[in-house]
Amino acid sequence: MCLAVPGKIISIEGTDPIFRCGKVNFGGIIKQINLAYVPEAKIEDYVLVHVGFAISLIDEAEAQQVFDYLKQMGELAELEETK
Amino acid sequence: MDSDLKTGGFVCPIPIEQYPNVLLAHGGGGKLTHQLIEKMFIPTFGNSMLGSRHDGAVFDISSQKLAFTTDSYVVHPLFFPGGDIGTLAINGTVNDLAMCGARPLYLSAGFIIEEGLPMETLWRVVQSMGVAAKEANIQLVTGDTKVVDRGKGDGVFINTAGIGVVESRYPISPASVKPGDAILLSGDIGRHGIAIMAVREGLEFESTIMSDCAALSGIVLSLLSNGVEVHCLRDLTRGGLASALVEISEAACVHLEIEETAIPLLEDVRGACEILGFDPLYVANEGRFVSFVPAHEADRTLKLMRNHPLGNQASIIGTVRNGKRGLVTMRSRIGATRIVDMLSGEQLPRIC
Amino acid sequence: MKFIDEYRDAKAVQRYAQALKRITQKSWTIMEVCGGQTHSIVKFGIDELLPESVTLVHGPGCPVCVTPVELIEKAIEVASIPNVIFCSFGDMLRVPGISRDLLTVKAAGGDVRIVYSPLDALKLAIDNPQREVVFFAVGFETTAPANAMAVFQAEQQGARNFSLLVSHVLVPPAMEAILSSPENRVQGFLAAGHVCAIMGYTEYEPIARKYRVPIVVTGFEPLDIMQGIYMCIRQLENGRAEVENQYSRSVKREGNLAAQKLIRDVFCVVPRKWRGVGEIPQSGLGLREKYARFDAETRFGIADHTADEPAECMSGLILQGIKKPHECPAFGLRCTPEHPLGATMVSSEGACAAYYQYRRRTSETD
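In order, the protein sequences belong to chains A, B and C.
According to our numbering, the stretch in the first sequence is residues 374 to 456, in order.
According to our numbering, the stretch in the second sequence is residues 191 to 542, in order.
According to our numbering, the stretch in the third sequence is residues 24 to 389, in order.
The shape of chain A in the complex, shown without the other chains:
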C-alpha cells in the first residue's frame, strides 16, 4: 500500500492508453512501468511508482511547500520571540 517511489520518465512507448508504458529511472536503475494512470505525463516528468504502475504525477511546485511551510513557521516563531 505504501511502497511507492518517485522516478523520472526517460522514454514512452505505445499510444493505446491502457498499454502505454515507459522507462522510468530511479537513481540509475531503469524499469519498464505502466503509465496508463498518468495520461498527462511526459518525458522528464517525475511519477510516483507502485508495483510497476505510475500512480501519480509529482507536482514539483507543491513539492516545495514542505519547505515554504517550515520557513513560514520559522518566521512566525521569530516574530513571537521578538514580542
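One or more of the hints may lead you astray.
As the list claims (entries may be wrong) - A few chain A residues that face chain C, going by a derived Cβ cut-off under 8 Å, partial list only:
#1 PHE399
#2 GLY400
#3 ILE403
#4 ILE416
#5 GLU417
#6 TYR419
#7 HIS423
#8 VAL424
#9 SER429
#10 VAL439
These are computed hints drawn from the structure, not numbers from a lab.
From the three backbone atoms N, C-alpha and C, an ideal C-beta is built for every residue, glycine too.
Given chain A's structure and the hints, the job is docking chains B and C onto it.
Then chains B and C, alone, in the frame of chain A:
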C-alpha cells in the same frame, strides 16, 4: 597438448560435438572423468601439485600459524553481472582466510555437477576460477568431481577449502575488539545482492550494477604489512553489513555505534533498494569488509585502505563502546537512533 | 534521489521537532494508518523526536497483517495444486496460516514465485499457456488499480489461464470501525498518502465531521511525517477537525480519476474480514460478476475455511491502537519473527515486527 586447447583460451577444451552436456559418466572416475581433469582442470590451474595427479597436495610450510577454511557455493543464477559461481568460490574462501589475517596460499575445489549441464557452462565457470585464482595469487592444488542425476542438483555446486599462513602479529578475532576501537568499512555496500536481483526472474530491471565480488587478501595484507594493529576483520556476505556487525557485537559483548551518513552507498544501488523495499544494511556483498582498529590507528588505516583500488571508498563508520551484551545502534541521517538487529530470514521484496 | 533526499534532511526535521514542542500544550493520541509510515517512523526513529505528550499508535495499515487466516489457508491450498504457478508479493510469503505459510508450500515443491507487479504474473500466464497462473491480490486501494489492470489486460489478451485470489481492503471503513469502538483513544489521524493518491480524500471529510477528528493526508519520508504530525497537533490544539493535505505533491483532493474508473470497472465493494479485528461491512473489494472467471476461488472451487487465531495473539488490539506490541505478554518471548503468533509480527510492516527489529532492546541502551 590437444589441438582443442588454447592457452588462456576461450575455447572449451572438451570436444563439444562429442559431449555438449555433462554426463553421469563424467563423475564416474573413468575415462570421461579423466578427460575432464586432463583437458579442463589441470591446464586451467596449472601447478606441479595438481600436476602430480595425487589424492591430495603435499607441500612445505614454515612452522607458522595456519588458517584453514571451507565454504560451499550454491548461487543461482550461476552467472550474474560482475561474476559467477566460480569467482565466488575462489574469492569467498580467499576472503575468509584474509579475515583471519592470513596470506591465502592453497585451495581445493569440489564440484557437484548436475547431469545435463552444458559443458560450455562448466568451462566458463572453471575459466572464471582460473582467472580469480591468478588475481588472488593462490594455487588450486587438489579437487574432486561428482555428477548427480538430472534434477538432483542446481546446475553445479562448488565447495572450496583453503589454507593460508597467518601474517598478523596480533590475534584477529572478536575477542580482541575493545571499547574505543574505530570501525572501518572498506567501500560501498549492496552491489552483490542487487546485481543478483536484477537478473532474478520476476524482478528484472535494467542496471549497470556489477557484483563487488573480489579478493580482499591484497588490501588486508597491505594493512598488516604496514604494521596496523588490527583487532578484528569480517567480510560482509549474506545478511550484509548489519549481520556482520551484530555477529561481532555479540561475540565480543560490546556496543557498536555507527552513523548512517558514513556508510557509502551508490545512487543506483539505493534506487534498487528503494523500489524493492530493501534496507541496504542487509543486502549481500562479496568484496567488502569491516575492520576494527584502535582509535589512534583509525586515520592511518583509512589512508592505507583508500590507497588500495578495492578500498577507495573506505570510511570510518563508527566506534566501539562498552556494553553489557552485544548491541548495534545506528544514528539515522535525521539524527535519531535505532537498534540494528539481525533479520530472521532472507530480505524479500515488499510492497507495503 | 530527487523527491526522496530532500525529505530526509536532518536540519529540517529538527526544526519541525522544535516547532512541535512549541505548539504542543496537551496530551494527544494520533494514529497512522499505513504500514509504510510505521516503517519509516521506526526506521528513522521519528517517535524519539516527538514531545512526550504525543502518543503515536500504529493502525491496521498493513494489508498483509489484516489478511484473514482463512485466506492464507486458501492461498496455501491453491499454491499446492499441481500445475499452478502461484505468484505473490514478497510480503505475503511468510505470513502464517494455521500451521504453514507459502514458503512451506514452496519448500514442499509448490511453484510459488515472488513478482514485483501483477503484470509480471500475467506475463507468466501468457508465456506458459499450459499452466494455471494465480496471483495473490492483496492490498489497500493503492494496489487495486494495478490488480484491476492485470485483469483488464488479461481479458483484452484472451488469457484463459490467469486468475486472482483477491483480498483487497479499504481504509475508510477501517478508520470508522476504530473510531466507533467504545475503547477508542485515537484523537487524530495521519491518512495513508499513497491510498489517497489513488482515491483522493473526499471520503474522509464526512468521517472527520462525524467523529470530530482531524485527518491529515501524509507522505512517508521523515519530513512528510513530521509535517503531518505538526498539522494534526495544530488542529487538535485549536479544536479543529478537518481534512488537510500534507502530501500535496502527490495527492489531489479528487485523487487519480483514471485509476478509480478502472477499479470501479473491475471490482465492487464487498464485506471483508480483517485479521484480529473481525468482519467490517463494505470494507473490501471483490471481482465483479463480469470478471468472475478471473476469480481463483471460483475457478478452483476453494471451500471456505474457518480458523481461529492463537489465543495469545493480541494483534487485533494492536491494530486498533489499543495496545502497543511490548504490552503483549508473548512479545519477544513466545512470539518473535522466527515464530510469529500473528501477522503483525511476520510482516515487516507489522507494528510488532517493527518494534521487535528496532526497539526490542531499548532498555539495554539505558
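TODO: Please write out, lowest number first, the hints stated earlier that are contradicted by the structure.
DONE: Of the numbered hints, 3, 4 and 5 do not hold.
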